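Enquirer: In case you want the letters, here they are:
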Amino acid sequence: MVFKNLENYNLISVIDNIYTFYRDGFKGMIIGKKLWKIILIKLFVMFVILKLFFFPNFLNTKFETDVEKSNYVLEQITRNAAKSQ
Amino acid sequence: MMDIDLSMVNWARAQFAFTAMYHWIFVPLTLGLSFLCAFFETIYVRTGDKEWRAITKFWMTLFGINFAIGVATGIILEFQFGTNWSNYSWIVGDIFGAPLAIEGIFAFFLEATFFAVMFFGWNRVSKKFHLFSTWMVAIGSNLSAVWILVANGWMQNPVGMAFNPETARFEMQSFFDVVFNPVAVSKFVHTSSSGFLFGSLFVLTISSWYLLRGKHLQMAKRSIIVASVFGLLSSSFVAFTGDESAYEVAQKQPMKLAAIEGLYKGETKAGLVAAGILRRDKQPGDGQDPFLIKIKIPFMLSLLANRSFSSFVPGIDDLVYGNEEQNIESTASKIAKGKKAINDLALFKQARKENDNQKAEVFLSKFTKNQEYMGYGYLNKPEEAVPPVAIPYYAFHIMVALGTLFPVLFAAFLFFSLKGSLTRQKWLLPIGLISGLLGLIAQESGWVVAEVGRQPWAINGLLPVKVATTNLTATNVQITFFMFFGLFTLLLAAEITIMLKQIAIGPEGGPSK
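Residue numbers (the numbering used here), protein chains in the order written: chain A, 1 to 85; chain B, 1 to 513.
Honestly, I wouldn't trust all of these hints.
Said to hold, decoys possible - Derived pair list, reagent style DSS-like, types lysine-lysine, alpha-carbon separation capped at 30 Å:
| no. | chain 1 | residue 1 | chain 2 | residue 2 |
| --- | --- | --- | --- | --- |
| 1 | B | 252 | A | 27 |
| 2 | A | 62 | A | 51 |
| 3 | A | 27 | B | 128 |
| 4 | A | 34 | B | 127 |
| 5 | B | 252 | B | 339 |
| 6 | B | 269 | B | 294 |
| 7 | B | 252 | A | 42 |
Think of the hints as simulated: they come from the structure by calculation, not from any bench.
In this text the structure is predicted, and so the values were computed from the model without any measurement.
All chains, please: the whole structure from these sequences, using the hints.
Expert: Here is the structure:
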């Protein structure tokens, strides 16, 4: 029983038990294995393919500093202003 | 036929709406099913009955499938902020950063610890610790929804912030005002309780299917009793929180309320439209009756909007063209003030660039006077302040009609379950079978009301959607729109296939993790 009587364990034993708990848990998975495959494929597609190649952060790719970004956004939100005093 | 505008802003809108609605298939089921698993397991721990353990493990497996397929689908929305909505993303970054970071950290620690115990811990931790973990997953999942709804509530009712013209950002002035924003609070309680309701309907659907097929009868009957009690309580709470939510909409977003009720001409002692068909060619200010037919409940809209039977509820025409008698400013007047604000902001920026600080201070002072109308300055005509009325109107009425049906359905299931004659109610079980789908329609309708009803605003009154976007071409967004469509359709197909397979296996001998 992994978490029972935790007070009798030292730190290394606790870490070892947590590791064993997760290892055995993953090994013993039935439907979970299929689900993990789906999760990993999904995360790969999202973070590696979509984020890197199709969803760059527009401002971060165009500008380096916050001042440059501020100026650009200010320009965008005032570009149709009449600028009449 | 209605013309479809295929500009970049509409593609970006469509992509965001599609992603959010897809994400919203999984979230309410997680919110509701997590608590139902906790209820089932609590009964198991208290009674020691192995059948309850099997019931808990069965629903936990379906919960796990839903969670695994749905996890991280919401992150796509954050990708879109940076790419398609860069102006918006920059402008609100200071407000959204904290809530979204808290959500991310909270979700990570929760998932890494209690989820693992919940799925791996059967027979490996004590019964009570396992139960504690299941409850923590339920509570934690619901609490992690707080932060994204705080962000959404802020967009509907921006409070606790100030616009900094130097940086073009809304900066947080009071974290507590943002977190306890009345719109955010009512949104959270309404949304989470509707998730409980949906989870209960999901259990009714699967259990009804088993009863119709004559399989796993004991499990199905027991599941139905728990789901019916939880569903009945949740649906009462949904009605209560929905009323509170509508009140907040009336106070903070009167145009949205007018749109969801199809109310063009404001009324004192206003009635609530229970059902009705809108006239398709109705336009603001044209004087036509907006309805072809309608059934109204007298006084109820006034009560809903202002907690008074005799109060005045403004209509679309009052809000667009103004109503002096009711002291409602016209949108044209707000547009004029908004244009001044934008103009002064541009001049302030120019003066700063020229290092003329004296001039800059003058324009800053002028800008401050009208800055609350800044968003209106981007509208070209007053009618642009009106959302596409038919969409939120029908979505609202579908949601309310289904929300009225659900408590009756739960009460019927509970009544016949306690009477011991549920399996003989051949008329009721098919309704139970489709109830999950009806719940999903109600869920999605709720989001359509909230999001389409607030158009044209990304941030209510301050930033219209068309200014929030990145300066990209429509083609950029079209490509990613269809990529998402393909990816999400695949994921949904995977979810349905795996779930159906697991449901066919049933609780006996099926996988528990």
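Enquirer: For each hint, tell me whether it holds in the structure or not.
Expert: We went through each hint and held it up to the structure:
no. : hint             : in the structure
1   : B/252 with A/27  : violated (53 Å)
2   : A/62 with A/51   : holds (16 Å)
3   : A/27 with B/128  : holds (24 Å)
4   : A/34 with B/127  : holds (27 Å)
5   : B/252 with B/339 : holds (22 Å)
6   : B/269 with B/294 : holds (17 Å)
7   : B/252 with A/42  : violated (39 Å)
The structure shown violates the earlier hints numbered 1, 7.
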